[in-house]
Amino acid sequence: MSKRLVLLVALVATLIGYVQVKSAEAVPAFARQYDVQCNACHTRPPRLNSFGEQFHLMGFQMPSAARPDGLLGVFKEDGPAKAVIDSLALRIVGGLFEYSTSPTETERKFEPPHEIALFLTRAITPDLTFYAEIEYEPKTLAFSHERGFFTKDRLGLGKEAFFMLNLGRVLGALGAPTMEMGGMTMVGRHGGFNMHGPMVMAGKIDPSTNFSYPTNRQLILDTETEIEIEPGHERAEVHRFAVVPYAFTSKFFGLFKNRDGEPQLAVDQVMYNTRGEPGADFHAMFMNNLFLGQVGFLRENEGFNTYGVWRINLGESRGFTFNASALVNWGFGVNRAPDPGDEHDPGARRVDRLRYGIAANARWKQLDVYGALIWDRIVNLPRELEGRFDRTAAGLTIQADYLAHDQLMLSTRFDQLWAGGLKDDKRDGSVLTLQAKYYPWPNVAFFVRDSVNLRAFENENPLRSWRNQVFVGIDWDF
Amino acid sequence: MTTRGWWLSAIGAVAVAFGLWVATPRSSQADVTGEPHEDDKAGHAHVPAPVEYADAHMPPGVWTDPAMIARGKEIYAIKCAVCHGDTGDGKGPAGMVLPLKPPDLRDKAGIAEMRDNYWFWRISEGGLVDPFKSKGSAMPAWKDDLSVQDRWAVIAYQHTFSGHQGPHVPWEHPEMVLVGRDIYEMACVSCHGAEGKGDGSVGATLSPRRAPQPRDFTTSDFKFRSTPSGQLPTSGDLLRTITEGVRGSGGPLTFGLSGHRIMPSFRQMPIEQRLELIEYVKSLNPRFWERTEVKIVPIPQPPPVTPERLARGKQLYADAECLACHGDTGRGDGKSAPELKDSLKLPIVATDLRRPARFKNGSRPEDIYRTLVTGFAGTPMPSYADSLEPDQTWDLVYYVLSLSGDPGRAAGASGRGSAR
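So the sequences go chain by chain: A and B. Take 1 as the starting number for the first sequence in our numbering and just add one per residue. Take 1001 as the starting number for the second sequence in our numbering and just add one per residue.
Please note that a few of the clues may not be correct.
Said to hold, decoys possible - Below, computed lysine-lysine pairings styled on DSBU-like, alpha-carbon distance capped at 35 Å:
1) B/1108 / B/1143
2) A/365 / B/1341
3) A/365 / B/1335
4) A/76 / B/1133
5) B/1197 / B/1341
6) A/365 / B/1197
7) B/1341 / B/1295
8) A/365 / A/159
9) B/1345 / B/1335
10) A/365 / B/1345
11) B/1108 / B/1079
Said to hold, decoys possible - With the Cβ distance kept under 8 Å, some of the chain B side facing chain A (calculated, not the full set):
12) 1175
13) 1179
14) 1182
15) 1200
16) 1202
17) 1204
18) 1260
19) 1261
20) 1266
21) 1268
22) 1273
FYI, nobody ran anything at the bench for these hints, they're computed from the structure. The C-beta atom is built at its ideal place from N, Cα and C for all residues, glycine as well.
Chain A on its own, in the form it takes in the complex (with noise of 0.2 Å):
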């Protein structure tokens, strides 16, 4: 399909959305299936409340209240012209002016959003959901091995496209106790043990979404990777890293995704923590959701990783909760070390990744804090690379939001990365980002941060090569 269709599909499903519902208001999908204001499930979109994440774990539904008759229920009742119209989403986003200075330059450049999403989803019973993204990118980083990296525009599959089943009543016929609870099969007694799933996500996902910090539903948006071909070279090479929270990057320099010698970036974001791989998760709610256990398992790179999370959910008393989550998570084969002979070429060995890490997240009235900390070891090195690459490395992520007024959102973000890698190249980071985000209204929201590099500024450095960028940008829902 063209990119043009594509662009024209989605503003032709936003212009029959603006004409089907009858008071001309223009909402994203779950708010049209559902019926419900956008700040039921969002302390702000995207970020998720409570309850969202409840509604998520549901297989994106109300907890407790699926529609018995799923679709066909849907067709029947709403036609189906509305049925698609309400499982479609559009979602535009992107910084449209940067200025960004460094001791070596000023740059003030106007750029389109950097993507736009269409959403589809929808139950298709109580215990089945399906959920898919098509995305469209005018200026993605690529890279091949005869270019280099280069810029191009993408549209395809985004970043998750995943079917979601409850599997309690599989449990059941095994002979686990069951019990029905608005619509959808729990395995376990009232007043006893409980259990919701184990819910199977397989598909392109992302399983942090379950996460106390989950990578996927960030209200300060990512900035992108910038690249240039420096005089007297023929590729491109990464000028500057995309500022991007820090706790859930490689963390690693010097490491290659592939034999085609593209670099796996130290602020790609990676493993369990990444922004949607293909792979199955399986998780499960126990005592009403008192406790979420997940395990899974997704393709990286040549390898793929495994991962285990358990998370505890506290409070929801006098305007307040809390949540704290722990991970662990090996990957298998999913970098090549550096060619011990020359550090420019991926090497014939494949090394492990393991992580480990916490978060947690505290909600208090209009605060809402949260913060995780990920430590990752490189295993299974070239011995001719010890004393040269760095097998550890961390990463720290602190954010508060504070919703000041009804439509203005503000938030700060502190990233700290301790760099493993090769120890010639590997440069520590820290950067402060504020924001302010406007709403006016639910579903639409501007926004301006500036995200400040507090490290010493090194120009053949991509983690600190320069000092500030300031982005105004957009984050619409329709």
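Based on these hints, arrange chain B on the given structure of chain A.
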């Protein structure tokens, strides 16, 4: 493994799981609790009392009142013992030959789960209603033979068989409301809080620093009622709110989304589970057990709409000072509107009367009548029960409906069915 292999594996995993899921039967819907029955032949089912009986509660003190227990003993000996046995063991001479055996009232665990309104329903309707009727219950319906007082007396006496000393209320027997508690913790706690005080974490960002906030179930301030001002709602009122959700009336952030619900509708939840949830919600507030009678505001048959009635309604709109909050055109921009606060001292918006579809308490004529007569507890919206006659209230109802600019809405209102 190649990318394609990963995709095929993922799809395969889903397909296998889906196949297993399709092949396995659902657990029984007949038993809302999913609990196994100790004795399937006994005349007890884990179902909630229907909404018509859901408000039947005995004040805590009555359970242990010696006079009530004595009266109950007298009635029990004459009317009940023949089946239920002298000791409540269900082995009375007539009970032994029944196809559906009477339950053992000495069963502490079984009695602990049995709510008072269920008990009252069983005695009142006997085996004439399902699910007991289809099970072959022979229990008589005592509602015509025994007064309400006498039925409670019998229940108080029967309660003594279990050996429990205190009142038979949910805070003595949490097992009465386990189903509702589990539903509440999955669906409601984020807004209404762990103790039902309306202090879950979501409220602060749902309506930051303004009304409406999630309901505090532990107070007497329930907005949507069919009961007079100052009184708690009925179970039917709570059921309506859970079923319909609550619409948003507007605010600075809700352009484009006004009218969409701030509280979701849970109409897809099975009715039995909504009733269980209501029992849990009520258990958070002992006042539901302290009221000795439940009064419902009567709603008379709506009269015909006439131009004269609309003119009177318009005058009443001014005389009753509706326009002070709702404004001349009903837009919600009256001169008092900017200063309105609810009982939590939070700014509150006067409803835009031009948009009946967004009325939180319903937009049918009888809904608006009910709102005018009951008021909204905890908000500046008063009750007009003492200041308006029923006919005047209808005048005002029709005038409010006419503010929507839809002449059919008021004109057609009087042609609708009977009042509730």
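Hints versus structure:
For a cut-off of 35 Å, the pair hint linking residue 1108 of chain B to residue 1143 of chain B stands: about 26 Å separates their Cα positions. Restraint check for residue 365 of chain A and residue 1341 of chain B: satisfied, since their Cα atoms lie roughly 19 Å apart, inside the 35 Å limit. The hinted pair formed by residue 365 of chain A and residue 1335 of chain B meets the criterion: a straight-line CA distance of about 31 Å does not exceed 35 Å. About 34 Å separates the Cα atoms of residue 76 of chain A and residue 1133 of chain B, which keeps this hinted pair within 35 Å; it holds.
A hinted pair counts as satisfied when its Cα atoms are at most 35 Å apart, and residue 1197 of chain B with residue 1341 of chain B qualifies at roughly 19 Å. Simply put, residue 365 of chain A and residue 1197 of chain B have alpha-carbon atoms about 14 Å apart, close enough for the 35 Å limit, and the pair holds. A distance of roughly 28 Å separates the Cα atoms of residue 1341 of chain B and residue 1295 of chain B; the hinted pair therefore holds under the 35 Å criterion. As the CA atoms of residue 365 of chain A and residue 159 of chain A are separated by approximately 31 Å, the hinted pair is consistent with the 35 Å bound.
In summary, the hint linking residue 1345 of chain B to residue 1335 of chain B is supported, as the alpha carbons are separated by about 18 Å, within the 35 Å threshold. Proximity of residue 365 of chain A to residue 1345 of chain B is assessed by CA-CA distance (about 16 Å); at most 35 Å being required, the pair is judged to hold. With a C-alpha separation of about 23 Å, the suggested pair residue 1108 of chain B and residue 1079 of chain B falls inside the 35 Å cut-off, and the hint holds. With its C-beta approaching chain A no nearer than about 6 Å, residue 1175 of chain B sits inside the 8 Å limit, and its interface hint holds.
Below 8 Å, beta-carbon pairs count as interface contacts, and residue 1179 of chain B has one with chain A at about 5 Å; its hint therefore holds. Nearest Cβ of chain A to the Cβ of residue 1182 of chain B: about 5 Å, under the 8 Å cut. The hint holds. For the restraint placing residue 1200 of chain B at the interface with chain A, the shortest Cβ-Cβ distance is roughly 5 Å, inside the 8 Å limit, so the hint holds. Taking 8 Å as the C-beta cut-off, the interface hint given for residue 1202 of chain B holds, the closest approach to chain A being about 5 Å.
A cut of 8 Å between beta carbons decides the hint on residue 1204 of chain B: the least distance to chain A is about 4 Å, and the hint holds. At its closest, the beta carbon of residue 1260 of chain B sits 5 Å from a beta carbon of chain A; the interface hint therefore holds under the 8 Å criterion. Hint on residue 1261 of chain B holds. Least Cβ distance to chain A is approximately 5 Å, under the 8 Å limit. For the restraint placing residue 1266 of chain B at the interface with chain A, the shortest Cβ-Cβ distance is roughly 4 Å, inside the 8 Å limit, so the hint holds.
Given hint, residue 1268 of chain B at the interface with chain A, holds; its Cβ is 4 Å from that chain's nearest Cβ, closer than 8 Å. For residue 1273 of chain B, the interface hint holds, since its Cβ comes within 8 Å of a Cβ in chain A; the closest pair sits about 6 Å apart.
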